[in-house]
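Engineer: Sequence:
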Amino acid sequence: LDAVERFDITKAKGNPRAFHNLAVVRIKSYMFEFFLNNNTQYSIPNYMSRAINLVEQVRNVIRAQNYTGNSEEVLLNFECEKFEKAIPETSAKKLRSVKTKLQRLADNSDKTYETMVLAVLKVERDIANYETEERRGLADSPEEIAGEKEFMEKFLNNLNPNARGVIEKILQGKTLEESGKEMGFTRERARQIKEDTLKYFKRTPMYKESVED
12 LDAVERFDIT KAKGNPRAFH NLAVVRIKSY MFEFFLNNNT QYSIPNYMSR AINLVEQVRN
72 VIRAQNYTGN SEEVLLNFEC EKFEKAIPET SAKKLRSVKT KLQRLADNSD KTYETMVLAV
132 LKVERDIANY ETEERRGLAD SPEEIAGEKE FMEKFLNNLN PNARGVIEKI LQGKTLEESG
192 KEMGFTRERA RQIKEDTLKY FKRTPMYKES VED
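Basically our numbering = 1-based index in the sequence shown + 11.
It should be emphasised that the hints constitute simulated quantities derived from the structure, not laboratory data. None of the values given here were measured: they were computed from a predicted structure. Careful: at least some of the hints might be erroneous.
What the hints assert, rightly or not - Derived DSSO-like pairs (lysine-lysine); straight-line CA-CA distance at most 27 Å:
{"hint": "1", "residue 1": "K112", "residue 2": "K192"}
{"hint": "2", "residue 1": "K93", "residue 2": "K122"}
{"hint": "3", "residue 1": "K165", "residue 2": "K112"}
{"hint": "4", "residue 1": "K133", "residue 2": "K122"}
{"hint": "5", "residue 1": "K192", "residue 2": "K122"}
{"hint": "6", "residue 1": "K165", "residue 2": "K133"}
{"hint": "7", "residue 1": "K104", "residue 2": "K122"}
{"hint": "8", "residue 1": "K133", "residue 2": "K112"}
{"hint": "9", "residue 1": "K105", "residue 2": "K122"}
{"hint": "10", "residue 1": "K133", "residue 2": "K105"}
{"hint": "11", "residue 1": "K165", "residue 2": "K213"}
{"hint": "12", "residue 1": "K210", "residue 2": "K192"}
{"hint": "13", "residue 1": "K180", "residue 2": "K213"}
{"hint": "14", "residue 1": "K112", "residue 2": "K122"}
{"hint": "15", "residue 1": "K165", "residue 2": "K180"}
{"hint": "16", "residue 1": "K105", "residue 2": "K165"}
{"hint": "17", "residue 1": "K213", "residue 2": "K105"}
{"hint": "18", "residue 1": "K192", "residue 2": "K165"}
{"hint": "19", "residue 1": "K112", "residue 2": "K96"}
{"hint": "20", "residue 1": "K93", "residue 2": "K104"}
{"hint": "21", "residue 1": "K192", "residue 2": "K180"}
{"hint": "22", "residue 1": "K180", "residue 2": "K210"}
Build out the structure end to end from the sequences listed, making use of the hints.
Structural biologist: Okay, here's the thing in structure tokens:
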């Protein structure tokens, strides 16, 4: 639904996979936040949400070129002169731009470009494994899905404007730094608001009822 709201057909430029690509990015962002806040056995730092998005953008550029070479090599290496020479200059510029953003994110996270991509690939494998386990269980009914949506809306409506703004932006796949900047806070203030909100959430009757067997 988030992808439907964000999709702009005028920007698709005839690409039949445009909506699919957008949906994949949004789904992965939401799943990342679920893992971050709900899975006690698997913890992922906040910067990974941004990295997942950027890696998917690199993939989209590669897919759009119908490249017959080693696409994994193009993804894993910051420099790939052979590929860039084989594609239009506009596409090569876009690829370099996205990879540069990913490189900066890697630098800020004490990683190399390659190790950042490998970290994203590991998260994606873990998500795929999680999906497989979920499919083995019972699927949520429409009533359960509607109840979960109502549950979240009630919780968000009980928050003060600052807390609600930060949490909504995090759920949209934004990092703490991005969320704080848009709200006029520092990253540390956004982190504190998130932590305080999670503590508050676990004290609410709604949460206590949800974890009761």
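Engineer: Would you mind marking each hint as holding or not holding in the structure?
Structural biologist: These are the hints, each one checked on the structure:
no. : hint          : verdict
1   : K112 <-> K192 : holds, 18 Å
2   : K93 <-> K122  : holds, 25 Å
3   : K165 <-> K112 : violated, 37 Å
4   : K133 <-> K122 : holds, 15 Å
5   : K192 <-> K122 : holds, 24 Å
6   : K165 <-> K133 : violated, 34 Å
7   : K104 <-> K122 : holds, 23 Å
8   : K133 <-> K112 : holds, 20 Å
9   : K105 <-> K122 : holds, 22 Å
10  : K133 <-> K105 : holds, 25 Å
11  : K165 <-> K213 : holds, 14 Å
12  : K210 <-> K192 : holds, 23 Å
13  : K180 <-> K213 : holds, 20 Å
14  : K112 <-> K122 : holds, 13 Å
15  : K165 <-> K180 : holds, 17 Å
16  : K105 <-> K165 : violated, 41 Å
17  : K213 <-> K105 : violated, 43 Å
18  : K192 <-> K165 : holds, 26 Å
19  : K112 <-> K96  : holds, 21 Å
20  : K93 <-> K104  : holds, 14 Å
21  : K192 <-> K180 : holds, 11 Å
22  : K180 <-> K210 : holds, 18 Å
Checked against the numbered hints given earlier, the structure breaks hints 3, 6, 16 and 17 and satisfies all the rest.
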